[in-house]
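Student: The residues making up each chain are set out below.
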Amino acid sequence: MAATGSISTSTPHCEITLENLLSFPEGRRLLSCVQCGTCVATCPYGDVSQYPPRRIIQMLRTGFLDKVLDSDSVLNCVACYACEAKCPRGLSLTSVFLPLIKEQVLSRLPEIPPEFQRALENTLRYGNPMGESPRRRAAWIKTTPVPIRILGDDPRPTDVLWHVECYLSFHPRGQDTARATAKVLHVLGVDFAILGKEEECAGECGRLSWESGLYDELMEHNLAVFKKYKFNTVVTSCPHAYDAFRSRYSARGFDYPLQMMAPYLAGVLPKLKPLLTRKLDRRVTFHDSCCMGRHNKLYDEPRALLSAIPGVTIVEMMHSRDNTLCCGGGGGGMWLDTYYKTKGYERLSERRVKEALATGADVLAVTCPYEVSRFEDALKVLGFDKRVIVRDVIELLAEGVGD
Amino acid sequence: MAGEIWCLAEQWKGSLSDATFEALALGRELSDALQVQLQAVLLGHAQRAMADKVFGVDRVLYVDNPAFAAPSPEQSAAALATLVSERKPRAVLITLTNTTWEIGALLAAKLRITYANCCKDVRVENGQLMARCVLYGGKMEVDVGSAQECVVFGLLAGVRPAMLRAETDVTVEEVAVAVPEVSCRFKGYREAEAGDIDITKQDVLVCVGRGIQTKDNIELAEKLAETFGGAVCGTRPVIDQGWLPLSRQVGRSGCIVKPKLYVAVGVSGAPEHVEGMKGSGLIVAINTDTTAPIFHVAHYGIAADAVEILPAITEVMANRKAKACATPH
Amino acid sequence: MKTIVLFRMVPDIVEELEVASDGKSLDREYLRLMLADADNHALEQALIIKERHGGTITVLGEDEPGMEETLFSALCKGADRAIKLNSSPQAGTHARAHWISKGIRETPDLLPADLIITGAQAIDDLDGLLAPMLAQFLDLPFLGTITRLDVNPATGAGTALREFAGGVRGEYEIKVPVVIGVQAAEKPPRYVPVAKLRTIMKSRRLEAVQISDGPWIFPVSEIRSMMKPQETTQAEMLAGSPDEVAAKLAGALLAHGLM
Numbered sequence: 001m002a003a004t005g006s007i008s009t010s011t012p013h014c015e016i017t018l019e020n021l022l023s024f025p026e027g028r029r030l031l032s033c034v035q036c037g038t039c040v041a042t043c044p045y046g047d048v049s050q051y052p053p054r055r056i057i058q059m060l061r062t063g064f065l066d067k068v069l070d071s072d073s074v075l076n077c078v079a080c081y082a083c084e085a086k087c088p089r090g091l092s093l094t095s096v097f098l099p100l101i102k103e104q105v106l107s108r109l110p111e112i113p114p115e116f117q118r119a120l121e122n123t124l125r126y127g128n129p130m131g132e133s134p135r136r137r138a139a140w141i142k143t144t145p146v147p148i149r150i151l152g153d154d155p156r157p158t159d160v161l162w163h164v165e166c167y168l169s170f171h172p173r174g175q176d177t178a179r180a181t182a183k184v185l186h187v188l189g190v191d192f193a194i195l196g197k198e199e200e201c202a203g204e205c206g207r208l209s210w211e212s213g214l215y216d217e218l219m220e221h222n223l224a225v226f227k228k229y230k231f232n233t234v235v236t237s238c239p240h241a242y243d244a245f246r247s248r249y250s251a252r253g254f255d256y257p258l259q260m261m262a263p264y265l266a267g268v269l270p271k272l273k274p275l276l277t278r279k280l281d282r283r284v285t286f287h288d289s290c291c292m293g294r295h296n297k298l299y300d301e302p303r304a305l306l307s308a309i310p311g312v313t314i315v316e317m318m319h320s321r322d323n324t325l326c327c328g329g330g331g332g333g334m335w336l337d338t339y340y341k342t343k344g345y346e347r348l349s350e351r352r353v354k355e356a357l358a359t360g361a362d363v364l365a366v367t368c369p370y371e372v373s374r375f376e377d378a379l380k381v382l383g384f385d386k387r388v389i390v391r392d393v394i395e396l397l398a399e400g401v402g403d
Numbered sequence: 404m405a406g407e408i409w410c411l412a413e414q415w416k417g418s419l420s421d422a423t424f425e426a427l428a429l430g431r432e433l434s435d436a437l438q439v440q441l442q443a444v445l446l447g448h449a450q451r452a453m454a455d456k457v458f459g460v461d462r463v464l465y466v467d468n469p470a471f472a473a474p475s476p477e478q479s480a481a482a483l484a485t486l487v488s489e490r491k492p493r494a495v496l497i498t499l500t501n502t503t504w505e506i507g508a509l510l511a512a513k514l515r516i517t518y519a520n521c522c523k524d525v526r527v528e529n530g531q532l533m534a535r536c537v538l539y540g541g542k543m544e545v546d547v548g549s550a551q552e553c554v555v556f557g558l559l560a561g562v563r564p565a566m567l568r569a570e571t572d573v574t575v576e577e578v579a580v581a582v583p584e585v586s587c588r589f590k591g592y593r594e595a596e597a598g599d600i601d602i603t604k605q606d607v608l609v610c611v612g613r614g615i616q617t618k619d620n621i622e623l624a625e626k627l628a629e630t631f632g633g634a635v636c637g638t639r640p641v642i643d644q645g646w647l648p649l650s651r652q653v654g655r656s657g658c659i660v661k662p663k664l665y666v667a668v669g670v671s672g673a674p675e676h677v678e679g680m681k682g683s684g685l686i687v688a689i690n691t692d693t694t695a696p697i698f699h700v701a702h703y704g705i706a707a708d709a710v711e712i713l714p715a716i717t718e719v720m721a722n723r724k725a726k727a728c729a730t731p732h
Numbered sequence: 733m734k735t736i737v738l739f740r741m742v743p744d745i746v747e748e749l750e751v752a753s754d755g756k757s758l759d760r761e762y763l764r765l766m767l768a769d770a771d772n773h774a775l776e777q778a779l780i781i782k783e784r785h786g787g788t789i790t791v792l793g794e795d796e797p798g799m800e801e802t803l804f805s806a807l808c809k810g811a812d813r814a815i816k817l818n819s820s821p822q823a824g825t826h827a828r829a830h831w832i833s834k835g836i837r838e839t840p841d842l843l844p845a846d847l848i849i850t851g852a853q854a855i856d857d858l859d860g861l862l863a864p865m866l867a868q869f870l871d872l873p874f875l876g877t878i879t880r881l882d883v884n885p886a887t888g889a890g891t892a893l894r895e896f897a898g899g900v901r902g903e904y905e906i907k908v909p910v911v912i913g914v915q916a917a918e919k920p921p922r923y924v925p926v927a928k929l930r931t932i933m934k935s936r937r938l939e940a941v942q943i944s945d946g947p948w949i950f951p952v953s954e955i956r957s958m959m960k961p962q963e964t965t966q967a968e969m970l971a972g973s974p975d976e977v978a979a980k981l982a983g984a985l986l987a988h989g990l991m
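Residue numbers (my numbering), protein chains in the order written: chain W, 1 to 403; chain U, 404 to 732; chain S, 733 to 991.
Check before you lean on any hint, since a few could be wrong.
[Said to hold, decoys possible] Each computed BS3-like pair below joins lysine-lysine, with the alpha-carbon atoms no more than 30 Å apart:
(1) U:542 x U:456
(2) S:980 x U:590
(3) W:67 x S:919
(4) W:386 x U:681
(5) W:343 x U:661
(6) U:661 x W:341
(7) U:513 x S:734
(8) W:343 x S:919
(9) U:663 x S:960
(10) U:724 x W:380
(11) S:928 x W:197
(12) S:980 x U:542
(13) U:663 x W:354
(14) U:661 x S:756
(15) U:456 x U:491
(16) U:416 x S:907
(17) S:756 x W:197
[Said to hold, decoys possible] Here are the simulated distance ranges between beta carbons:
(18) S:973 x U:489: 55 to 63 Å
(19) U:550 x S:788: 43 to 51 Å
(20) W:354 x S:797: 30 to 38 Å
(21) U:594 x W:252: 53 to 61 Å
(22) U:550 x S:900: 49 to 57 Å
(23) W:67 x S:935: 23 to 31 Å
(24) S:871 x U:576: 27 to 35 Å
(25) U:530 x W:125: 32 to 40 Å
[Stated by the list, open to error] Not everything, but these chain W residues come out facing chain S in the computed CB check (under 10 Å):
(26) 122
(27) 132
(28) 213
Because the hints were derived from the structure by calculation, they are not lab data.
If you're wondering where the values come from, they're calculated on a predicted model, not measured in any experiment.
In this text, a Cβ means the ideal position worked out from N, Cα and C, and glycines have one as well.
Please model the complete structure; the sequences and the hints are all you need to start from.
Tutor: Structure (structure tokens):
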């Protein structure tokens with residue numbers, strides 16, 4: 001039985017370690033692995049990894065785990081949840097087991113790929129992997145006419161605490177999505193506010209599964225900030241942050257109602273649809289992200305949003321829904337491209353955009369901040385950046401709202 | 404005599420550097436303003452003839468010692484310290500190049516005098532020497548003044564346009580100075596390996612992005628780089644195409660470079676790339692797209708097709724270089 | 733092989749720097765400090781040498797904001813001893829070099845050392861450079877701008893590669909004791925997992941060394957004012973025919989001292 005939509009464990013993830021693994025149900029389940037190899041087959045880099053999940057479990061069971069921990073094989077894992085979603089035993093591979101392996105590997109690696117190291121060090125120091133000044137996290141709000149309240153300046157209670165996230169705050173293409181989101185929230189009349197410079201990276205399960213110490217630092221900071229303010233619900237633009245809040249933060253007191261932005265907007269579609277007055281005339285194919293899609297099973301909500309935009313036709317790629325192909329950004333992959341290149345791996349984002357091209361779509365729609373730059377990059381490299389454009393679903397909604 | 408403006412003449416691999424003549428241009432301004440002599444100190448070995456080429460100064464103090472056959476900061480500072488103590492100049496101007504940049508600090512510590520580092524300008528104000536120094540990676544500048552009798556100034560490249568090397572008679576005084584033995588000894592140069600260029604060490608980089616369009620066009624960039632004695636590098640998409648090796652990649656995923664001159668050809672200026680080169684001294688961007696973000700980072704922009712513009716630029720640069728080399732010095 | 737590594741905290745320029753109300757110093761309100769980049773490389777080079785030949789590493793830094801965590805981080809990476817020195821009463825690199833030389837002399841069981849290593853430069857070097865001035869005050873040999881370093885512990889002799897322009901390097905022979913200014917380590921500075929750092933902060937102690945003020949025997953240059961450089965947010969566009977543009981560009985490069 002594959003794992004269900006909610007986080008499939010009852011134990012808070014931060015409690016489990018490699019030492020105490022077998023004293024938790026999720027850990028003991030690992031012993032019931034039947035070595036079928038489905039995980040390897042479904043893993044995007046399964047065929048080039050010395051230790052795919054199946055083999056790691058076998059090494060654990062036979063007392064040879066050290067060999068895995070001393071190898072760099074698990075650097076190939078992009079935390080796409082494919083193995084966990086398909087595992088016939090429902091093992092918590094991506095959400096529990098692999099992060100524990102990654103943490104040990106990171107501390108044993110003689111040399112960490114420099115880009116990845118910089119991302120970790122930047123996150124600790126500046127609360128974002130880009131190494132941008134935290135004080136400029138809300139600088140983007142000056143570029144939108146929508147009035148945006150920062151709770152630090154105006155701490156009155158708010159209905160929605162919009163957790164903006166790093167890429168939307170600092171990356172030019174992320175800021176496009178941020179502005180689009182602000183516009184849509186505004187026309188809906190949502191009472192929302194952001195944390196601005198108090199917000200730090202949520203510590204998503206993928207990248208920071210390598211670094212639980214860093215994860216804890218961020219968690220402590222963010223939880224303290226949440227406690228300062230009154231709000232009814234947290235809506236985050238980052239599916240990775242959503243997972244972080246649901247899995248690790250929940251154990252430390254994060255019990256606020258929580259949603260991702262696209263599903264939140266899908267929830268108010270009756271109010272939103274009349275506002276979508278502009279006809280877009282686009283052929284759109286939707287990329288299910290690993291976190292929102294495969295891990296949290298939210299496939300219909302983004303599609304509902306797209307269908308609501310006049311003139312949009314949806315075409316599906318060959319691998320969709322729980323079969324989606326990861327863009328390659330999770331698990332630290334966002335900062336391991338050069339490393340993968342030196343190993344000669346195909347870039348996952350290139351594999352995926354080829355599927356988009358095959359649908360004849362002119363727009364590739366996404367919902368995860370990593371995906372915009374990854375897919376645009378891939379299209380540029382392949383030379384198809386004029387044929388297909390990449391847009392966050394919210395960007396398309398904002399376009400559909402018109403002026 | 405005392406109170407002169409001194410300049411340490413920098414030589415590299417057998418010739419006086421351009422930086423020397425930049426420093427002399429500044430020195431001449433200061434010495435004129437203070438109405439004192441401008442003198443150069445040349446430390447060399449069997450290079451008396453080179454002393455005759457330090458044009459534009461009132462006197463060259465030439466010290467000949469085997470120690471100065473190759474760069475030796477400790478010994479250079481020791482010799483300078485002796486000279487400064489004996490002759491008491493008002494200021495010592497030292498260029499900040501890899502060869503000489505430590506000498507000023509050594510000299511200041513030896514003689515317990517003031518040193519002003521990273522000067523982009525030095526001027527006379529109310530009879531005092533004031534320096535404008537660059538700090539914190541260029542994010543701040545300070546005006547520093549000293550009432551001291553002798554101040555050492557470390558000059559950034561380009562502090563003034565290089566003084567023209569005009570043929571004039573030069574007064575050379577050969578000075579004997581005791582130079583101490585040191586335990587850090589020069590053994591030899593190791594050139595950059597052919598085919599294995601470290602782009603982080605280049606003074607001039609020409610970067611090609613997707614706008615270069617074809618692999619063959621990269622040759623145009625290579626020709627330009629050659630006239631500068633620099634190297635070609637590339638953005639991620641270019642490396643990914645296999646048009647340049649991974650060692651030439653500039654950007655977050657590649658190398659972080661800080662050359663004196665960075666020419667970005669057909670580069671859009673994505674943040675990941677800009678991160679790798681924004682510390683460059685002077686950035687010139689060539690791109691047909693006038694809205695490309697690179698133009699926010701560049702100092703100079705050219706909205707033109709690389710294929711059309713690169714040959715023209717290369718020709719002009721090559722001509723100027725030929726002229727400069729033709730001038731005897 | 734006994735190595736001392738010196739650390740300095742410098743302004744983190746990722747943040748916006750502002751001038752304080754006195755017009756000649758940095759506004760401290762939002763100022764964050766970080767370890768000087770080259771000092772991080774200096775430690776890495778020391779660790780590489782220790783891994784090759786054994787020996788001990790002592791890191792020493794002044795009591796500045798962030799220094800404690802930096803010293804602990806060095807212990808995590810493999811340094812043996814970490815010393816926190818009371819801060820120099822006078823600002824500037826020249827004063828710091830003098831102060832640290834005193835600190836090195838007055839720290840028990842520290843000298844004699846074989847290698848004294850620090851970064852070749854730091855972004856706040858206004859009135860000096862730490863490595864050469866330190867060598868001067870300690871009366872030791874000095875070699876800076878180093879990108880490669882190795883010493884034979886049996887003989888005390890070694891080689892260093894010094895950087896020149898355009899990728900050229902010079903090979904030097906050295907003999908311990910020597911002060912070295914590291915430009916870049918042979919490998920990028922290693923990572924310290926945060927959990928490891930937190931553990932070390934609980935389990936180890938820093939040594940504190942107090943040295944007394946002394947008469948300052950050298951002059952200080954005076955900062956008259958501090959200002960932000962003029963900003964350009966848009967490139968100056970050069971237009972015309974290819975030949976015209978080329979000529980304009982050449983003129984611009986000449987003006988910037990790049991021809």
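Student: Let me make sure I understand: some of the numbered hints might not hold for this structure. Which ones are they, in numerical order?
Tutor: 1, 2, 10, 13, 20, 22, 25
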